[in-house]
Amino acid sequence: MMNIYTIFYALSIFTILSSVIFNLLYLHGAKNAEHSIHLKTPISIQRLSKLQLIVSLSSMLFISLLLLASINGK
Amino acid sequence: MQDVNKYVISGDWRKFLTMPNERLLVVTRKHPLILLGPLLSLAFISLLGIVASVYLFIISFSSELIAFTVVITIVNVFISLLIKIFIDWYFNLYIATTRKILEVRYSPLASFNQDQVLLDQVKCTEIDTLKSGLISDFIDMGNIAITFDRPTHHDIFYLENIRNSRVIGIHLSNEYAQRGHYYPQGEMWYRDTSRRNNFAYFDETFT
Chain A
1 MMNIYTIFYA LSIFTILSSV IFNLLYLHGA KNAEHSIHLK TPISIQRLSK
51 LQLIVSLSSM LFISLLLLAS INGK
Chain B
75 MQDVNKYVIS GDWRKFLTMP NERLLVVTRK HPLILLGPLL SLAFISLLGI
125 VASVYLFIIS FSSELIAFTV VITIVNVFIS LLIKIFIDWY FNLYIATTRK
175 ILEVRYSPLA SFNQDQVLLD QVKCTEIDTL KSGLISDFID MGNIAITFDR
225 PTHHDIFYLE NIRNSRVIGI HLSNEYAQRG HYYPQGEMWY RDTSRRNNFA
275 YFDETFT
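Sequence order for the protein chains is A and B. The letter at position 9 of the first sequence is residue 9 when you use the numbering used here, and the numbering goes up by one with no holes. One gets the numbering used here by counting positions in the second sequence from 1 and adding 74 to each.
One or more hints might be untrue.
[To be verified] Calculated lysine to aspartate or glutamate pairs in the DMTMM-like style (CA-CA distance at most 20 Å, straight line):
# : chain 1 : residue 1 : chain 2 : residue 2
1 : B       : K80       : B       : E96
2 : A       : K50       : B       : D162
3 : B       : K197      : A       : E34
Keep in mind the hints are simulated off the structure, nothing from the lab.
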């Protein structure tokens, strides 16, 4: 039976993955607007998005290790 | 040819100039300080979530790892929503040209609205500048209400919470006061020079 740690880690990974996918799709939509409105996405937003991607990936890696440890009962 | 003035934010707006002799008057978006409300709310809710998770998992359950996991999840969601709020603000534009006024509102994955009023079909334009509150007055942020054919249709186009609202309101008033110079419109009354002491009334009849 899964313990509460496993459930929390799995939920965290799911939430972070969802936010990354949402962020990437949102930025892709904003890129499409460059063709219709001729307005480029600001550099600050692109940097913030990259920061979010780095934070998310490192978080997911860390939480995945915790999840594995939790599943193995350590 | 694109007319660049101080009320036009940087960008390539030629796509919006679709009619002959049309030129840009104003291209603006809402004041950046309008973002302060949603950002503060988001920061407050995130902070509340972090404090609650720390209290719940460290103090109650003595589990630092779960608390840390929840905190970084909240930080990730916070950054995603931050980007969404900023992009929604960035792609909400008000564009006024000599021939039309339009609002472009684009929210990726959600909606694309383009609300446009053609001024060629409008006979009477009234521009009101509205500003309320100390902060709005201090940073010159306010609304411009452009009313078309007020006596009959009462159709109002709002430029909400824009920066430099006072000067942009004056600029638009001056420009639209000269609309007859951009394209000819019929005079309501004119002097009939063929007959003495007579004024003739002139109006267009739409069938």
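Okay, the hints, checked on the actual structure:
1. At roughly 18 Å between alpha-carbon atoms, B:K80 and B:E96 fall within 20 Å of each other, so this suggested pair holds.
2. Restraint check for A:K50 and B:D162: the C-alpha separation of about 18 Å stays at or below 20 Å, so the hint holds.
3. Taking the CA atoms of B:K197 and A:E34, the gap is near 35 Å; set against the 20 Å cutoff, the hint is violated.
In terms of the numbered hints stated before, the structure departs from hint 3 and from no other.
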